[in-house]
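Visitor: Please build the complete structure, drawing on both the sequences and the hints.
Spelled out from the first residue to the last, the chains are:
2 protein chains.
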Amino acid sequence: MTIMNAGVDGGADRQENRLDRLVDLAASGRDQDLSEAVAALHPADVAELIDAIERVEIKGKVFGVLAPDVAPTVLSLVTPPSRERIVQHLSVDQLRQIVLALDSDDAADLLALVPGERAQAILAGLPGPLSARIQQLMRYPADTAGGLMQSEYAAVLAGATVEEAVEIVRTLAETVSDIHNVFVVDHRFHLLGVLSLAQLILARAGQTVDAVMDRQVISVTVSTDQEEVAQLFRKYDLLSLPVTDPRGALLGRITIDDVVDVLEEEASEDFSKLSGLGQEEPIFDSPLRAIRRRLPWLGLNLVTTSLSASVIGLFQGTIQTMALAAALMTIVAAQGGNAGVQTLTVMVRGLALGQITAVHARAILIKELVVGCGNGIALGLVAGIAGYFLHRQALLAVVLGLALLVNYLVAALVASLIPLTLHSLRADPAVASSVFVTACTDLCGFFAFLGFLSVGLSYFG
Amino acid sequence: MTIMNAGVDGGADRQENRLDRLVDLAASGRDQDLSEAVAALHPADVAELIDAIERVEIKGKVFGVLAPDVAPTVLSLVTPPSRERIVQHLSVDQLRQIVLALDSDDAADLLALVPGERAQAILAGLPGPLSARIQQLMRYPADTAGGLMQSEYAAVLAGATVEEAVEIVRTLAETVSDIHNVFVVDHRFHLLGVLSLAQLILARAGQTVDAVMDRQVISVTVSTDQEEVAQLFRKYDLLSLPVTDPRGALLGRITIDDVVDVLEEEASEDFSKLSGLGQEEPIFDSPLRAIRRRLPWLGLNLVTTSLSASVIGLFQGTIQTMALAAALMTIVAAQGGNAGVQTLTVMVRGLALGQITAVHARAILIKELVVGCGNGIALGLVAGIAGYFLHRQALLAVVLGLALLVNYLVAALVASLIPLTLHSLRADPAVASSVFVTACTDLCGFFAFLGFLSVGLSYFG
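Each protein sequence line maps, in turn, to chains A and B.
All residue numbers for the first sequence refer to the working numbering, where the first residue is 2 and numbers rise by one.
All residue numbers for the second sequence refer to the working numbering, where the first residue is 2 and numbers rise by one.
Treat each hint with caution, since some may be false.
Pairs count within a copy or across copies, as identical chains cannot be separated in the list.
Straight-line C-alpha distance at most 20 Å; calculated EDC-like pairs for lysine to aspartate or glutamate [stated by the list, open to error]: (1) 236 / 110; (2) 236 / 17; (3) 62 / 52; (4) 236 / 262; (5) 62 / 32; (6) 62 / 17; (7) 236 / 266; (8) 62 / 165; (9) 236 / 226; (10) 62 / 21; (11) 236 / 107; (12) 236 / 215; (13) 62 / 246; (14) 62 / 37; (15) 236 / 52; (16) 236 / 168; (17) 62 / 85.
Keep in mind the hints are simulated off the structure, nothing from the lab.
Guide: Here it is as structure tokens:
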């Protein structure tokens, strides 16, 4: 009996110890001990350990000692790079057995990693209807409801009894994991209602499913975006979501465990794009791949900062008469950038969570301008007064305060409008927005400060 | 019969129309029509609409026409600000009825919003054991397993039959929502196993729960952090997670719907902290609250940028002889900041998802330094060569390229070490890390560029 208490923080250390032990056993060829050590672990732990093993042949050895009923699950849980490496070393027959044991969504994900000819050979040996279903699933884009769904679900016709529904669940649960609901459909497979397993257990004998089912069914079509799918699960507290064709006929369902991964993925994606990483970067990615991913955004940033720097070039005369200006202009630019990224963060999350759309543009713009004004007056005064006492130059102090205020307003404007515009053009509002926003605030910050200063110098200098 | 197909994008527009309609009906006092319009909606939609209504008295009116069996659910689904406003206008008796209808975790969250005396009056009218359970839940910090759990769960003693387990589920499901599992315990309430409802339906009559239960039980103690709880749900594909006291006795359970909210919350929190917002800011927050939240970080940024600006002050002589330097130094600082935020994003997500710990520090540092070196050589060469052709000054070009390389390495170093250090001190690695990292890259960028330049000028100038 294994009771696993994953409490207070021991988790990471324990996995570390297990990893060392498994690698030792595999490297020294003690297959029997390795097999026993692996059998004592939860499949999710085995998957995590296989991901953490560096050498491919050790990954393969650990996977090789798994019991036949556990191996498919583990293979569906490891990360795609590990999966690809393990799959390369399996025969067509082994892969076919694994595909047969998996739910159709996991089977489709697995086959997508296998080169065309081998995939055909695997599919050819499967029962016809299963093969057709898996091939259909492989055609949907990965980030849509079709790409997330599996074609196994429990459904009964309206008018069936509760006992008939229970019988269907019983038959299905022997081969399919995670049955949470029974869908009630008409003869054209259109959804009429849904029943949870708890409702099935609660129902009295002889009742029809129509009498106990929930008639408010939330569903999506195969082409719905995964971000919208995730938000529906969140809003309606769903465990599974039926997916239909464009005409409303039931094709499959998405389960909550896949959506939890989507939620993490979408959040990390917004996060990464906003800070100019493009795609999410795995933490232990190779330096070369990391460079390839980060370099384009840094290059873009080099172009935009060179543009703002060329604004400074226009005011070389001013800087030569007052070298202190070169120092203070950087404060104005940095503050604008910081305020812009704050606004941007609120906007990008709000858009991702579906809390705002283009109709809110005016209200948001007003809020952000008021916030920019408030922060600008407060910090403009502080910086201006501090500047006066440090350098005893009234003109410089006034210019610093004014330029800060202007740059906060620019930050509010561009950091609200850029994501709203991208969103209304159906582009991702997070894509490199921060690069563009800081480009604007740098440029306007330098221009406002040096511009005010040269005007001021020409009148009072 | 209401079939809701939430497919392709109509969602936001439709809610917009519904909002206008409800506000019209409420404002014109057509209570009967309002009541019918609200009754046709899903509770989650009603909650979303109440959140979107601006005027408090209209919020209250819409809530007031809800059926008594729906009102508690809606109240548990609205955002805390709406909840607080609605609760202010309800009597102690009304609140007591709502508390009785809610699961204990939602009841505790609701009572936390009620001022002390009224809360005592509500609790005094509840059955003794329920009142004690809710008060106990209110004592756990909100971001721990104790703060997330509810004290209603289905449990049977080892040795019970499957029929007895079904009977317990049936009794409980009449009053408690979301029963996903039955926990199997010994006489001291220690966990021995767990059964899903599907397993219960699959089991043969007369079998004992010991024969069918899953013996690998994942559990946490009341003090486990909510971020760790969310990661366990994600890793092990859980629907509910038992929570024990420090000695291992079962106290309650956490359900997946609460964890989905935690996942969003934690991602938004990291996101917000990283960009210097401190806490997550609701998109339609009042400008005054938004200013209060953002001002401290902008103030801190003002201090750090003033420090970097004072570095520039050290080189006033250099800038006066070569005003172009003032322009080019900003490129070096901005590039370092950008590279630092890229590294920081990877680090903060990796730490939040539990993918890295302090033991990986060396490997990460090496990776980041290699990446910094690669990007630095590539972009340092580009910038140096471009600088040479634009300005025909070999010294300036060499200094620009070198300073860029140095600043990329500084960015890699500080953006890896600051979050790792914060994490090992058990502080949140996301807190304002970007403010500190950009402070370092600004300071080092200015210093490296202007420093190299003045040394160069004194030898070759």
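Visitor: Each of the hints needs a verdict: does it hold here or not?
Guide: Outcome of the hint check:
For the identical chains of this complex, residue 236 and residue 110 are inter-copy neighbours only, at 18 Å across copies versus 27 Å inside a copy, given an alpha-carbon limit of 20 Å. In this assembly of identical chains, residue 236 and residue 17 lie within 20 Å of each other by CA distance solely across copies; the values are 16 Å between and 37 Å within a copy. Taking the shortest alpha-carbon separations for residue 62 and residue 52, only the intra-copy value of 13 Å comes in at or below 20 Å, while the best inter-copy value is 55 Å. Taking the closest pair of Cα atoms, residue 236 and residue 262 come within 20 Å of each other both inside a single copy (16 Å) and across two copies (9 Å).
In the homo-oligomer, the alpha carbons of residue 62 and residue 32 lie at most 20 Å apart inside one protomer (9 Å), although the nearest pairing across protomers, at 70 Å, exceeds that limit. For the homomeric pair residue 62 and residue 17, the shortest alpha-carbon distance inside one copy (18 Å) is at most 20 Å, but the shortest distance between copies (57 Å) is not. For the identical chains of this complex, residue 236 and residue 266 are neighbours both inside a copy (18 Å) and across copies (14 Å), given an alpha-carbon limit of 20 Å. Taking the shortest alpha-carbon separations for residue 62 and residue 165, neither the intra-copy value of 45 Å nor the inter-copy value of 44 Å comes in at or below 20 Å.
In this assembly of identical chains, the alpha carbons of residue 236 and residue 226 lie at most 20 Å apart only when taken from the same copy (16 Å versus 24 Å across copies). Taking identical chains as interchangeable, the C-alpha atoms of residue 62 and residue 21 lie at most 20 Å apart only when both belong to the same chain, with a minimum of 14 Å there against 63 Å between chains. Within a single copy, residue 236 and residue 107 get their C-alpha atoms only as close as 26 Å, which misses the 20 Å cut-off; across copies the closest is 16 Å, which meets it. In this assembly of identical chains, the alpha carbons of residue 236 and residue 215 lie at most 20 Å apart only when taken from the same copy (17 Å versus 31 Å across copies).
Neither within a single protomer nor between protomers do residue 62 and residue 246 lie at most 20 Å apart by alpha-carbon distance, with minima of 43 Å and 39 Å respectively. When the C-alpha separation of residue 62 and residue 37 is checked against a cutoff of 20 Å, the pair qualifies only within one copy, where the shortest distance is 13 Å, while the shortest distance between copies is 64 Å. Only between protomers do residue 236 and residue 52 lie at most 20 Å apart by alpha-carbon distance; the minimum there is 13 Å, versus 33 Å within a single protomer. Within a single copy, residue 236 and residue 168 get their C-alpha atoms no closer than 31 Å, and across copies no closer than 31 Å, so neither meets the 20 Å cut-off.
Proximity of residue 62 and residue 85 under a CA criterion of 20 Å is satisfied intra-copy only: 15 Å inside one chain copy versus 58 Å between copies.
Taken one by one, the earlier hints fail for this structure at numbers 8, 13 and 16, listed in ascending order.
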